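*Asks:* Model the full structure from these sequences, guided by the hints.
In UniProt numbering, the protein residues as written are 1 to 342.
These are computed hints drawn from the structure, not numbers from a lab. Some hints could be false.
Said to hold, decoys possible - Derived pair list, reagent style DSS-like, types lysine-lysine, alpha-carbon separation capped at 25 Å:
id: 1; residue 1: K175; residue 2: K223
id: 2; residue 1: K149; residue 2: K175
id: 3; residue 1: K149; residue 2: K56
To be verified - So the derived label-pair ranges between C-beta atoms look like this:
id: 4; residue 1: E317; residue 2: I110; range: 38 to 48 Å
id: 5; residue 1: S228; residue 2: L259; range: 22 to 32 Å
id: 6; residue 1: K306; residue 2: N157; range: 41 to 51 Å
id: 7; residue 1: N276; residue 2: K223; range: 26 to 36 Å
id: 8; residue 1: S146; residue 2: E119; range: 32 to 42 Å
Here the structure is a predicted model, which is why all the values come from computation and not from measurement. Glycine is no exception: its CB is placed at the ideal position from the N, C-alpha and C atoms.
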Amino acid sequence: MMKISTIRLSVQQRRIPLPAFLQFSVALFLLCVSNQINSSSSFTFDPSGNMVTNTKKVLVTGASGQTGRLVLKKLEEDSRYEPKALVRTEGSARRLVQSEINVPLEHMIISDIASPNFEKDLPSGLEGLEAMIVCTSAVPRISQRSLLKAMMLAPLNLVRRKKPIDFKSLQFKWKHNGYPEIVDYYGQIKQFNLAKKLGVKHVVLVSSMGVTDRSHFLNNVGKKSDGSGDGDILVWKRKAERYLVESGLDYTILHPGGLVDGPGGVQQLELDVDDNMFAKYPRTCICREDLADLCVSSLEFGKAKKLSFDCIARNVEEGQTRRDANMVLQNFLEEAKTANYR
Numbered sequence: 001m002m003k004i005s006t007i008r009l010s011v012q013q014r015r016i017p018l019p020a021f022l023q024f025s026v027a028l029f030l031l032c033v034s035n036q037i038n039s040s041s042s043f044t045f046d047p048s049g050n051m052v053t054n055t056k057k058v059l060v061t062g063a064s065g066q067t068g069r070l071v072l073k074k075l076e077e078d079s080r081y082e083p084k085a086l087v088r089t090e091g092s093a094r095r096l097v098q099s100e101i102n103v104p105l106e107h108m109i110i111s112d113i114a115s116p117n118f119e120k121d122l123p124s125g126l127e128g129l130e131a132m133i134v135c136t137s138a139v140p141r142i143s144q145r146s147l148l149k150a151m152m153l154a155p156l157n158l159v160r161r162k163k164p165i166d167f168k169s170l171q172f173k174w175k176h177n178g179y180p181e182i183v184d185y186y187g188q189i190k191q192f193n194l195a196k197k198l199g200v201k202h203v204v205l206v207s208s209m210g211v212t213d214r215s216h217f218l219n220n221v222g223k224k225s226d227g228s229g230d231g232d233i234l235v236w237k238r239k240a241e242r243y244l245v246e247s248g249l250d251y252t253i254l255h256p257g258g259l260v261d262g263p264g265g266v267q268q269l270e271l272d273v274d275d276n277m278f279a280k281y282p283r284t285c286i287c288r289e290d291l292a293d294l295c296v297s298s299l300e301f302g303k304a305k306k307l308s309f310d311c312i313a314r315n316v317e318e319g320q321t322r323r324d325a326n327m328v329l330q331n332f333l334e335e336a337k338t339a340n341y342r
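*Replies:* Right under this line is the structure:
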């Protein structure tokens with residue numbers, strides 16, 4: 001270390017001139033650095049502290065829904081991404097702009113995926129999208145009449161030592177007449193086709209656990225007691241998944257368990273395939289916040305891949321360290337597993 005210091009000192013004292021070509025190279029380098037600094041008012045960094053040079057444009061569809069809002073919020077707060085939010089109505093757009101997410105107005109896109117004019121209604125400015133996160137889904141609403149009837153029968157059921165409310169007797173309707181076939185199948189196909197048309201490289205799709213079981217109780221939601229009606233939500237979701245799998249697009253398909261509200265980053269995330277976790281665990285739920293984290297992580301760890309998996313969250317066991325979404329996805333990719341669509 002002493003020799004190096006002595007050499008540096010002697011060079012400074014003697015003022016040895018640099019060769020002309022080196023002087024020019026140094027001057028050019030300093031000029032480039034200066035121009036780079038002056039051309040940008042600030043530097044942006046990702047959550048790990050790495051400087052971000054190019055942001056990725058991502059379209060979040062169903063952005064006004066409970067899960068879509070959380071995904072959009074995380075992308076808005078992450079300097080790596082420049083999100084766009086697709087919503088059905090102007091009212092939904094207004095509420096997002098005025099919400100705590102503070103979504104810029106220029107990030108909002110209004111078009112109804114259930115409309116035959118879906119693509120025609122889309123504004124310009126979608127060029128350059130690199131990824132799409134699909135959070136659209138049919139939303140059931142309990143029929144008030146069936147709920148009132150069930151509540152009236154509750155005292156009698158208690159006397160008979162039965163469950164107070166027979167949830168299978170409840171009838172459901174679909175919000176905005178958005179039946180599963182319209183929203184979860186044809187609506188998603190429109191979005192996948194749009195992705196191909198725009199040259200989107202990667203589609204992240206939020207689906208549901210239970211899609212391998214046609215007898216799953218969720219398929220009865222929206223049906224009448226005789227089995228007729230607009231139901232089969234998981235059946236239509238599975239058909240849409242198959243369309244995406246066969247589309248040629250790179251994809252990450254997430255099958256969350258039962259969605260619950262609450263703080264994220266608390267429970268241990270578990271991933272598997274083909275509804276295997278129904279047999280492994282008595283409770284198969286996941287917090288929406290954790291699901292949103294997995295969606296954002298999928299943008300990095302799922303790109304250039306074709307991946308489909310189930311996801312739930314469980315209590316962290318004693319002596320166990322919680323793994324974040326990035327680590328969970330990395331570990332799952334090492335297992336080289338994905339859902340079976342044959």
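*Asks:* Tell me, which hint numbers fail for this structure?
*Replies:* 3
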